[in-house]
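A.B. asks: Which chain is which? The protein sequence lines are A and B, in order. For the first sequence, position 82 (counting from the first letter as 1) is numbered 82 according to the working numbering, and the numbering increases by one without interruption. For the second sequence, position 118 (counting from the first letter as 1) is numbered 1118 according to the working numbering, and the numbering increases by one without interruption.
Keep in mind that a hint or two might mislead.
Said to hold, decoys possible - Only some residues are given here: those of chain B computed to face chain A with a beta carbon under 10 Å:
1) Ser1007
2) Val1021
3) Leu1084
4) Leu1085
5) Ala1107
6) Gln1110
7) Arg1140
8) Pro1142
9) Asp1143
10) Ala1146
Read the hints as simulated data drawn from the structure, not as lab findings. Just so you know, even glycine gets a beta-carbon here, dropped at the ideal spot from N, CA and C.
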Amino acid sequence: MGLLHFSFMSKTLGYHTNVYLILPADNFSADPNRTYTEVYSKMEPFQTLYLLHGGGGNALDWIRFTSIERYAQEHHIAVVMPEVLGDSFYTDMAHGYDCFTYITEELPVVMENNFPLSAKKEDRFVAGLSMGGYGAIKWAFRKPEFFAAAAGLSGVSLVTDLFSARGFAPSSEAEENSIVNNCFGGLDKLDGSPDDTKYLIDLAVEKNVKLPALYVCIGTEDPTYRFTKDYMAYAREKGLEITYEEGPGKHDWQFWDVYIQRVLDWLPLKK
Amino acid sequence: MGLINYSFFSKALGMQTNIAVVLPTYTIGQRGMSIEEIYPKGRLFRTLYVLHGGSDDCTYYYRNTSIERLANEGGFAAVMPEVLLSFYCDMKHGARYFTYLSEELPAVVQSIFPLSEKREDHFVVGNSMGSHGAMKWALRRPDFFAAAAGMSGVGGLDDLGFLARFKEAKPNSVQNSFGTFEQYQNSENDLKYLARQLAASGNTMPRFFSCCGTEDFTYDGCKKFIEFAGEIGFEITYEEGPGGHEWDFWERWLRRIVDWMEIKHKPGPEHRV
């Protein structure tokens, strides 16, 4: 149906933020004799994909760099694209904003209150790329009752490993103002916290949590490839079921434009 | 405060079109409330349709007035469509903007946004070409509106000085919208004709309001319409003040009109879905 830009004041963030919403169109030609009221009042609340941007990105990324509106139309699904600070890792930051609380507690209330989006668990999905892939999977683990399915593209890793010396550890002079410090309060604080993807797996297994359907994919030329492989190995060792795909590709939009379509095909959609 | 820009495919127009919508959302003053209290389930807003003037678009009101702040303070939604230079007509040569405006737009926004579907909760205002649109819409759909207001342009096209435009050899937006002057007279686009019909019908009327700046080139035409309304027994409130055909005037009078319309937030008893 169209593309909607929404700017509003977030209570949690304390500032005005942007959300883009794609609403799929009615098929006008199906029955040309219907009145406008008939066409529009019969709209069921849509199944909804929350789609998260990556590091350094914002709410417009998915629209600018993929054809997500066309794919959403083909799959008859609404897509909500919020934005958080580009280096927040969807956390309630140790030094910064409460991005995780905003995304998981305020955003869905605002969206479902103001737009025709289904409020049923079986109609809600989340996906994201890179930092947003981490955010999507984390959201699904921490609010498993909220989603039917979650997908992480090129960003699912054991984060303590990702930020360790073997991964993308900050140099010592940048440490105080580093992502790890600003988001998590340091690598030691991240370890075993609700932002720690390894801990979230352990917790879900220990408490036998019924998780949403999970999907992970990665390009074989992606510099984070081995981190995703390690995550998958750990999850499998713990007995978690995750749909996994890999294929030729880098950490770029060419890969995500293809794989977001695979995610949409994978989601349990009505149409 | 929430501002929405929405681009979608219109069935009536046969093309993509843009609207802007203001929805009251969280403000600092609501700091003590929970997210659920700020966004109560089933709440529906009163709606002010805001119609732009010639050469403007759906962004113009929020760029040139404080419509967003007004709507947030008053707890109502504002819906701003765009219609190019069509005078809100089903054009003689062009797209069906009146059908879009009066049939499709309300169906679209009421299905997507939390807006009341009740007549008592619907209002329309416009400036210049938009004042023609606002009056025309309410005169043709008196069952849809509680009140309608036009700023700087409510009147007959001849009285407002448009005869010359009808006579130009090269077809212009006035001709493309209305056809010839003869085709315009006593048509569904003629405010005088519509007012006479409605006054005679005995139907329930929305409240009507017109205002104009005393330095505005449409001033005489606006005054003539009020005289005409008096003659035929058509009830309309008229006010005037210093100012020209300009945003400084419309900003001030928009605030006056919102007060006159008495759009106050009233949580509707209706519930969505």
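A.B. asks: If a hint holds in the structure, say so; if it doesn't, say that too.
C.D. replies: Each hint tested on the structure:
Because the smallest distance between the Cβ of Ser1007 (chain B) and any Cβ of chain A comes to about 5 Å, under 10 Å, the interface hint for this residue holds. Checking Val1021 (chain B) against chain A by beta carbon gives a least distance of about 9 Å; that is within 10 Å, so the hint holds. A hinted interface residue such as Leu1084 (chain B) counts as satisfied when its beta carbon comes closer than 10 Å to some beta carbon of chain A; here the least separation is about 18 Å, so the hint is violated. A cut of 10 Å between beta carbons decides the hint on Leu1085 (chain B): the least distance to chain A is about 23 Å, and the hint is violated.
The interface hint given for Ala1107 (chain B) holds, since its Cβ lies 4 Å from the closest Cβ of chain A, which is under the 10 Å cut-off. With a least beta-carbon distance of about 7 Å to chain A, the hint placing Gln1110 (chain B) at the interface is held under the 10 Å criterion. Checking Arg1140 (chain B) against chain A by beta carbon gives a least distance of about 16 Å; that is not within 10 Å, so the hint is violated. For Pro1142 (chain B), the interface hint is violated, the least distance from its beta-carbon to any beta-carbon of chain A being 18 Å, above 10 Å.
Taking 10 Å as the C-beta contact cut-off toward chain A, the hint placing Asp1143 (chain B) at the interface is violated, the least distance being around 14 Å. With its C-beta approaching chain A no nearer than about 20 Å, Ala1146 (chain B) sits outside the 10 Å limit, and its interface hint is violated.
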